[in-house]
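I would like the entire structure built from these sequences, with the hints used as guidance.
Chains as they are written, first to last, in this note's numbering: chain R, 1 to 189; chain D, 1 to 150.
Since the hints were made in silico from the structure, they are not lab data. Treat the hints with care, since some could be wrong.
[Said to hold, decoys possible] Taking lysine-lysine and the BS3-like style, the derived pairs with C-alpha atoms no more than 25 Å apart in a straight line are:
no.	chain 1	residue 1	chain 2	residue 2
1	R	K168	R	K117
2	R	K117	D	K57
3	R	K134	R	K60
4	D	K74	R	K22
5	R	K179	R	K130
6	R	K168	R	K179
7	R	K179	D	K31
8	R	K168	R	K130
9	R	K138	D	K57
10	R	K56	R	K168
11	R	K134	D	K31
12	R	K183	D	K57
13	R	K60	R	K117
14	D	K57	R	K122
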Amino acid sequence: MHTNDDIDLINSFKSGDKTVFKDIILRYQDRIYNLCMHMLGHTHDAEDIAQDTFIKAYQKLGEFQPDAALYTWLYRIAVNTCIDYKRRPFFESIFRRSDTGEEMVIERPSASPSPEKDYESKQIRGAIQKALRKLSPKLRAVIVLKEIEGLSYEDIAVTLDVSIGTVKSRISRARDELKMLLKDFTEQK
Amino acid sequence: MNCLKTHKLISPYIDGELKVRDKEAFESHIKSCRACDIAVEEARFQHNLFARAEEFKAPYGFSARVMANIASEKAKGFSWTPLITRFAEVIVLIVMIFTGIISGSFLSDRLVNEKNTLIMSSFYLDIFDPTPPDSLGGVYLAMTEVRDEK
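So, in structure tokens, the structure goes:
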């Protein structure tokens, strides 16, 4: 559930100290941004959606009931915003994409020990991003929450507001689809 | 436990979400079934691939930008822009649909008329000329006509 710090921050916010919201952002920004990047695969879109998530959270935090953890609540807003993002005005989305439709993911310097490992890691990361984008948003959401964010089935169910049975079946379906999409790598082993 | 049930439980098993009893039954089945054991290993390998997925960090200055946006949202209050954008989209779509319908009906009328004319003209016998003037038969007929006149 909540960490004590989360509860303190929420209580301070509710009692009128809105500046504590920056601490909430700093605490969860990387997780939310990471989630959005894996959901959308576009740096600009991910930043926009991560920002929207925190803006919505700011507007609703006063009504937040602590029956769920703060991070699952934030994840829920982020996932729903990512799914809704596809339904944004098409004029907006057309002009924001690059020509190829592929996104410019910023390359980070790698910590891999050798160029071969570095190359292999890049290939795997690229294949994962590509495979995720081929999944439907609902399947992508469960697999990102499970494989990338490491949430339990129960937390995923709370985040997505579905039953644990639905989470199980979606994860199984997503993995079956990923098996086909990532077969180049799984067959190499 | 049979293979079908085992296949359904592969994901919860890998994620550590099986109850103790199910886990024991699952493990005892994969010990005796090579095909299921391979399926579990494949799923585990795929699961481990995700451990190498890129971890993205929020860009520099992210929190400051969010706070600035919150401040500007508050200052702005209610905005008509999203509603106007939606409204404009709907209007453009309606115009496009009507243009399509109207131009489609014009085109189809013209095509139907042209097609009917073409079909009808194929039934006229006077277009059938077995010996066009520039064919061998036509030349022969012309020569015989000239001879008959003489």
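Next item on the list: Please flag the earlier hints that this structure goes against, numbers listed from lowest up.
Entry: Checked against the structure, the hints that fail are numbers 1, 3, 10, 11, 12 and 13, while the rest are satisfied.
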